[in-house]
Amino acid sequence: MSRRPSLAVHLRSAFHLLALVLQWLGLAFLIPLVAALVYGEPGWPWILTLAITSALGLVLRWLTREAEEVRVREAFLVVSLSWLLLAALGSLPYLLLGALGPVDAFFESMSGFTTTGATVLLDIEGQPRSLLLWRALSQWLGGMGIIVLAIAILPKLAVGGRPLMEAEVPGLEVERLTPRIRETARALWKVYVGLSAAELLLLMLVGLAPFEALAHTFTTLSTGGFGTRADSLASFPVAAQWLVVLFILLGGTNFALLYRALRRPLRGVGTLWRDEEFRFYLAVFALITGLLFLDLRGIYGSVEAALRHSAFQVASIMTTTGYASADFDRWDSPAKLLLLALMFLGGSAGSTGGSIKLVRTLLIFKVLIREVRRVLHPQAVIPIRLGSRVIDEEALRGVTAFAILYVTLFALGSIVFLLDLERVGMEVPVLDAVSAVAAALGNVGPGFGIVGPMASYAPLPETSKLLLMFLMWIGRLEIFPVLVLLTRDYWRG
Amino acid sequence: MRVLIIGAGQVGRSIAQELQHDHDVVVIERSPQRLELLRHYDVLALHGNGASLKMLEQAEAGRADLVIACTDVDEVNIVACAASKQQGAKFTIARVHDPEYIETWESGRLGVDFMVCSELLTSETIAELIGVPAAREVHTFAEGRILMAELSVDADSPLVGRPLKALDLPEGSRIVSIIRDGTVRIPTGEDRIRPGDLIVSIGTPEAIAQLNRRASGAAQAQSVVILGGGRIGYRLALTLERRGLHPKLIESDPQRSRWLAEQLPHTQVFQSDATDLDFLERERIGEADVGVSVLRRDETNLLCALLLKSLGVPRVIVGVSDPNYIRAFERVGVDVAVSARKVVAEEILRFTKSRIAGMSILEGDRAEVIEVTVSEESPLVGVPLKDANFPQGATIGAVVRGREVLIPRGSDALRPGDRVIVFARKDAVPEVEKRL
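Residue numbers (this note's numbering), protein chains in the order written: chain A, 2 to 494; chain B, 314 to 749.
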């Protein structure tokens, strides 16, 4: 008689948590419902979606009563699955309102929650406002992280919260602002909500309609990139564009750092400046903006316009937002290559930005410099520091592994993508195709050419869309939580 | 005086040896082998744990005038002192290895009246020698807040030729003596310094470093290489980093060198054997201004020091553990040898010598610099110094009042509890002690 090996993952606990997350986040559908009622648009798709989500949550919860504590293994499963499931449920309104087919709806929803901002909608301005608002809201929820939100509001998650948060929050480690993880999650959300309120007010002050101001607030701080107009932000007032640059940059900053800076506003600037990643962030932003400005000076008449478009695109692409203040697809190749390179930098650790993250890039630079110094001084002992903190070698290995994994995924994704395009006979220049893969994996959104900022992902074959969705999902969760699910060790212990 | 020594290691034994004839000495020691070494001393040796109450009662710690805890375990020393104090001991001294305990002690006395850290003392002494390149001798007073240095003066120094009162000396320093042709003189404002003179100056470390620059063209050491990353090497690198230097530190243990590199952001740490000639040449260690060897074994220290000399390092300082080596080391070419054990024993012994809290002997023994606490009965209290009848052949270099360091003028007056650093010719020392 043979015994079946038992699973190493406590599925029941994992699904119990998943049920809780679903039940609570289902309430988010109330916001577009209100919008629908206000603007006189159909409300039933929202009620139906809410009902389905809650029912699913209830059933799951009933099936999995009495869960145990969530550990690292369960955390990976909960986080990976909740993002997948929420994206699936979030696609229902697109389907029910008849805006998109099943795959496209799922694509749009995944692109929303992962704050990618790649769209398959062709007629954005013709969509119901409630739908556009939901599209923006999904990015806002996904930006700070749905699990972080769940930890902040659900008392039950207070115990197993730490591994969950580690699995979701981008960066090296979750900075503990308070002794209790729940308070930390709340602190992050407070900053997020506070900054959102500030942006909303300021955008309305410079003349944006409340609806547009709200939708863009949702997608700026989350470094999402969904807009409400076909030309992204190109037709926005100049002041609004500058304002958005500022808030994009804030969205790409470590929120734990922002929290510490805002708590003591008088010393806030000092707190920010002492952070080495933040200094690197500003330096890279200034440097690339300068380079792009030199390149664009000839194209745009005024210095202000050239500077604005440079700063806007650099902030937007670097933090993986994906807004456009101009059709950068029409820029020359050096400018485009610069933007493509920026897609791999990403925001700061602990920000809402995606991609590799600046802190990792910075650390890899330091490791490379150390290797050069080691050639000259083979016996020198050189620890890598970030500010005054020493980063241990274990963490550095993780950083290097992540970067290699990221680039490998990008390369493999590009090959599969190109093969798939060839299969259906689509002729796409390599740079454009590669930009689409980098934009999906890094949660940027638009790329060049067929997937340019003023274009749409709609013409791509469905298989390609599924591939890009997978890349968005794995990219948002920083690869490892998804990747471990694919290993035998994860399930068997 | 009744003295209780807890721990008969090398420091404990040398203190016992020094005190056995004039005082009643009781020693508590755990190890029978070490106890055996005390057989020839005129002391009462007890076997047991010095931190246990029973043992302290047996040794009558409550009746002791002075308790010196110098076992190898810091915590035992602190506990033993606190317990003795509780029993009624008058003054307790704890020797520690870990300098962090000094900080803990400074914040809350813990029943310890005085705490010495041999590693800290030694590294401070070496750091001062590095900081004052013209110094023949350097000694610290008042926990390192005041420095006494004997400096040689170059012919082209701006200090030469003008009357002392016309010299714009660095704030916080005083010239207390001019030594010319072996005679020790206490100068007046009219005296002038001649080339080749030695001057004895007292002041804050910063002021002394400035004075050194004026006295001698010997450049301030810019590059320092430290062999050995033990506690002394680490503390020394830390002190030098605070001065804005970027020392090189060589340590053979991989884990220790990693730790050092993490703790010392401005120090270049190498993981290598200090005797590896290929390494020393490749890293061009010979180009350093000062080399310090603070390895564990004295013999290795000597070898490394001579190696550094042969590579071209102009000034080499060695930390030795056996004080008997000092003269021998300096004879074969080491510029300065510093013994941790001697430094600690001296620091502790000064408590047995009436009220003199610190002392340094100059020019053979023709002069002394002593640190004395002013008593309430002193006839000098409250009288402006210019009117006070201060003993001939002695002069006040600096006054420590609470946290402040003062360089006294004629109009200043002493207060009870002031700690004064006095330069005195040998014959004037008893008079100084009496008056203060």
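Keep in mind the hints are simulated off the structure, nothing from the lab.
Any given hint could turn out to be false.
[Unchecked claim] Which residues of chain B face chain A? A few of them, derived with a C-beta cut under 10 angstroms, are: (1) 414; (2) 418; (3) 556; (4) 559; (5) 563; (6) 574; (7) 576; (8) 578; (9) 584; (10) 588; (11) 589; (12) 746; (13) 747.
[Unchecked claim] Interface residues of chain A toward chain B, partial, derived using beta-carbon atoms under 8 angstroms: (14) 291; (15) 386; (16) 388.
We treat Cβ as the ideally placed atom computed from N, Cα and C, and that holds for glycine.
Hints, one by one, checked against the model:
1. Evaluation of the residue 414 of chain B hint against chain A yields a violated restraint, the C-beta minimum of about 24 angstroms exceeding 10 angstroms.
2. The closest approach between the C-beta of residue 418 of chain B and any C-beta of chain A is roughly 27 angstroms, which is over the 10 angstroms cut-off, so the hint fails.
3. Among the interface hints, the one on residue 556 of chain B is violated; its C-beta lies about 19 angstroms from the nearest C-beta in chain A, farther than the 10 angstroms criterion.
4. The closest approach between the C-beta of residue 559 of chain B and any C-beta of chain A is roughly 13 angstroms, which is over the 10 angstroms cut-off, so the hint fails.
5. With a least beta-carbon distance of about 8 angstroms to chain A, the hint placing residue 563 of chain B at the interface is held under the 10 angstroms criterion.
6. The beta carbon of residue 574 of chain B is positioned within 10 angstroms of a beta carbon in chain A (closest approach about 4 angstroms), and the interface hint is therefore held.
7. Hint status for residue 576 of chain B relative to chain A: holds, with the closest Cβ pair at about 9 angstroms, below 10 angstroms.
8. Taking 10 angstroms as the C-beta contact cut-off toward chain A, the hint placing residue 578 of chain B at the interface holds, the least distance being around 7 angstroms.
9. Satisfaction of the interface hint for residue 584 of chain B is found here, the shortest Cβ-Cβ separation to chain A being roughly 5 angstroms, below the 10 angstroms cut-off.
10. Annotation: interface hint on residue 588 of chain B violated; nearest CB of chain A at approximately 13 angstroms, more than 10 angstroms.
11. At its closest, the beta carbon of residue 589 of chain B sits 9 angstroms from a beta carbon of chain A; the interface hint therefore holds under the 10 angstroms criterion.
12. A least Cβ separation of about 49 angstroms between residue 746 of chain B and chain A goes past the 10 angstroms threshold, and the interface hint is therefore violated.
13. Interface restraint check: residue 747 of chain B against chain A, minimum CB-CB distance 53 angstroms, threshold 10 angstroms, status violated.
14. The criterion of a C-beta within 8 angstroms of any C-beta in chain B is not met by residue 291 of chain A, whose closest approach is roughly 31 angstroms, and the hint is violated.
15. Interface hint status for residue 386 of chain A: upheld, as the beta-carbon distance to the closest one in chain B is roughly 7 angstroms, under 8 angstroms.
16. The beta carbon of residue 388 of chain A is not positioned within 8 angstroms of any beta carbon in chain B (closest approach about 10 angstroms), and the interface hint is therefore violated.
Checked against the numbered hints given earlier, this structure breaks hints 1, 2, 3, 4, 10, 12, 13, 14, 16; the rest are met.
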